[in-house]
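K.L.:
Chain residues, written in single-letter form:
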Amino acid sequence: MHTTNAVNGANYLTYQGKYKGLLGWILSTDHKRIGLLYLYSIAAMFTTGVLLGLAMKFELLAPGKTIMEAQTYNATFTVHGVIMIFMVVVPGLPAVFGNLMMPIMIGAKDVAFPKLNLLSWWLYVAGVFLVLSALLFGSGTPDTGWTFYAPYSFKSGTNLLPAIFGAFVLGFSSILTGLNFLVTIHRLRCPGMKWTKLPLFIWTLYGTAWIQLLATPVIGITLVLVALERVFGIGIFDPALGGDPVLYQHLFWIYSHPAVYIMILPAMGAISEIIPTFSQKHIFGYKAIIVSTMAIAFVGYLVWGHHMFTAGMSGTAQYYFSLLTFIVAIPSAIKVFNWISTMYKGSINIQTPFYWAVSFIFVFMVGGLSGLVLGALATDIYVHDTAFVVAHFHYIVFGGTGFAFFAAMHYWFPKIFGRMYDKAWANVGWLIFTIGFLALYSPMFYLGMMGMPRRYYDYLEEFHGGNILSTIGSWVLVTGFIIIVVNLIRSARKGEPAEMNPWHSKTLEWTVTSPPPVLNFEKEPVLGEKDGPYNYD
Amino acid sequence: MAEHQHAHVEHPDMYDPESSKIGMWLFIFTELLLFGGLFIVYSVYRYLNPDAFHLAAEELNTFIGAFNTVILLVSSMTIAMSTTALQKGHKKVAIALVVITFIIGIGFLVNKYFEWGIKFSHGIWPGSEQMLNEMSQGEILFFGLYFVMTGLHALHIIVGLIIMVFAIKGVSNGKVNAKRPSLLDNCGLYWHLVDLIWIFLFPLFYLIH
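Sequences listed follow chains A and B, in order.
Going by the numbering used here, the first residue of the first sequence is number 1, and it counts up by one from there.
Going by the numbering used here, the first residue of the second sequence is number 1, and it counts up by one from there.
Don't read these hints as lab results, they were simulated from the structure.
Bear in mind the structure is a predicted one, so any value in this text is a computation, not a measurement.
C-beta atoms are modelled at their ideal positions from N, C-alpha and C, and glycine is treated no differently.
Among the clues, some could well be false.
Pulled a few chain A residues facing chain B out of the computed Cβ check, cut under 8 Å [unchecked claim]: (1) L182; (2) P217; (3) T222; (4) F232; (5) P245; (6) I361.
Distance ranges between label pairs, derived from CB positions [as the list claims (entries may be wrong)]: (7) B:L132 with A:S139: 47 to 55 Å; (8) A:L136 with B:N173: 38 to 46 Å; (9) A:G315 with B:S43: 38 to 46 Å.
One chain only, chain A, in its complex shape (with noise of 0.2 Å):
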């Protein structure tokens, strides 16, 4: 057995397969690289859709024009949506940390079909370009929003359909990746490896697919109707031909709220591994925060029409949506409450992953209260379509997401590069992107209070105070991602060597070297009775 020795001498980082150098990486069926695919990829949109944002934070900074037409600003927002949204945070988490660690965490070779997942990240950089060639080419960039309205996303002059058509084979790829995981979570599981002793991130990750299985084909043929509307003029949600531009809400938000917790499930579950981690204790409630999880991706189907209180909904139908609402708030809660008894008592080992942890708890809960404002009826009314909702989704979808995915990046860093990082310049950029977030985020609450509206170009000389801190705030926490992003290419190049376990941790992944080999194990775990994911002494 030559080649098998061979072989676990080599990581999968620097093995050599069947192809060599860049075709090595992307014609990959390891899901360790198609992994790091997906960090790289997700990155670079990542970037992009930050310097729209702070684009956007600076043409805000003073009322009039500072330093676009109102056109260029409808564009600018629009892109950063599309982007953040569909390239960043759906797959985000599920994409990179999924594929990198979820085969490692249940003690499998792989995922169950290793050449779609090479095809799911083939067909992410499909869409990735598709929408990036209406930027480029054509009558325009898109300025509906990343919601794509009807009916202005079949009236607008610009150059929609490659954006529409880039957001559905960027849902095809989500798919294909949650239809991968499913199969995996079921079918590969070590020896021993029950469903109550699978580690909660992996828990989470079943949750998103799930969402992502049954919640994407229907923005699937949403989209689809829009295309053949622009095209055709099929009528379906042209009013000038009989059809309801609100179906269409009613059809994007049956997606797109789910997709909310496509974006936040697997961020607690990374939560949720660091803080026992971090803590050297059993995690509280293992079982409550599993139920929480399927309680909040089944309520989440329910609750799409608290997106539409203004938009014309018989009364009944939005008591029953604001209701929900407050239902889903319950199983967040419950998880809050776990990560917190956690903690208590707990032999806390502060470092980098845990600072993002428990910032992330604070800028979840903050987002979550204001949730509840905009799922009450009344409040809703007040604060619809104001600022007030930029900052609730920010703190949600970047707080939320953008946190866990830092917690995550910095708790397997040493896992995934086989380097540590500089600590000490870790904590720093954490300290400065936190304060830059509060900052650029806290004064939109206020500004929506006092009556500004979401997405517009232009303001009163009222809301200036809170616009100029607000702006301050975008460069403090581009500084701060400045510093994170130098600190981690820097460490993943020239860090010191990790150990196998640094965090002395309990899941599967810490049992195999750093970088983990080609195949994950030189044999195939078993657990024993008393090993757990979360059992320390």
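Chain A is already provided as a structure; the job is to place chain B on it using the hints.
P.N.:
Here is chain B on its own, set in the frame of chain A:
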């Protein structure tokens, strides 16, 4: 030789018929939900425009629709038989039955071509002047949905036919056999799905008055 073994190591042979079957069923769920969105749209607009949908439905040729239903049902049977034939090791029978299914699928498309062709010759297509000038909003919606839903279904027929080509190739070169039947099995499952969706489309557009 060494190269080959390396490639083998990076991509281990993880063939598991159970995984393939679960994967295909999950994919079928997504397809059902894709059409589910359209069925919701259909039911909303039918509820809002009952008379117009009734009038417009009378324009459709029930005979062609019924004929297509019958041949699709037969094709579902032939592909199911081919799966059984492969299990029993009758390779040639299995191939012949997939080929028959393929031909029936082409037949469905030919009928569809004539059916749509007649509509086009009467000036009925999305956005046509006749539709915009002479039809009520409900009728426009009916034909809009008719072309979208039967068109998307026809697209699925084409995808099914492409999968069949791969299945035929696989069975004839022996890569798909009684021990590794997943490709043919999944091809069959997909074809049943295409059949099933048509079973819903047919009464919705052709029969309900």
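K.L.:
The structure should be examined with respect to each hint, and the outcome stated for every one.
P.N.:
Hints, verified against the model:
1. With a cut of 8 Å, the hint placing L182 of chain A at the interface with chain B holds, because the nearest CB-to-CB distance is about 6 Å.
2. Here the hint on P217 of chain A is kept, as its CB sits about 4 Å from the closest CB of chain B, short of 8 Å.
3. With 8 Å as the threshold, the beta carbon of T222 of chain A comes within range of chain B, its nearest partner Cβ sitting at about 6 Å, so the hint holds.
4. Annotation: interface hint on F232 of chain A holds; nearest CB of chain B at approximately 4 Å, less than 8 Å.
5. Interface hint at P245 of chain A: violated, since its Cβ lies 13 Å from the closest Cβ of chain B, which is beyond the 8 Å cut-off.
6. Taking 8 Å as the C-beta contact cut-off toward chain B, the hint placing I361 of chain A at the interface is violated, the least distance being around 33 Å.
7. Distance hint check for L132 of chain B and S139 of chain A: the Cβ-Cβ separation is about 24 Å, which falls outside the suggested range of 47 to 55 Å.
8. Checked against the hint of 38 to 46 Å, the pair L136 of chain A and N173 of chain B passes, with Cβ atoms roughly 44 Å apart.
9. For G315 of chain A and S43 of chain B, the hinted distance range of 38 to 46 Å is not satisfied, since their beta carbons lie about 22 Å from each other.
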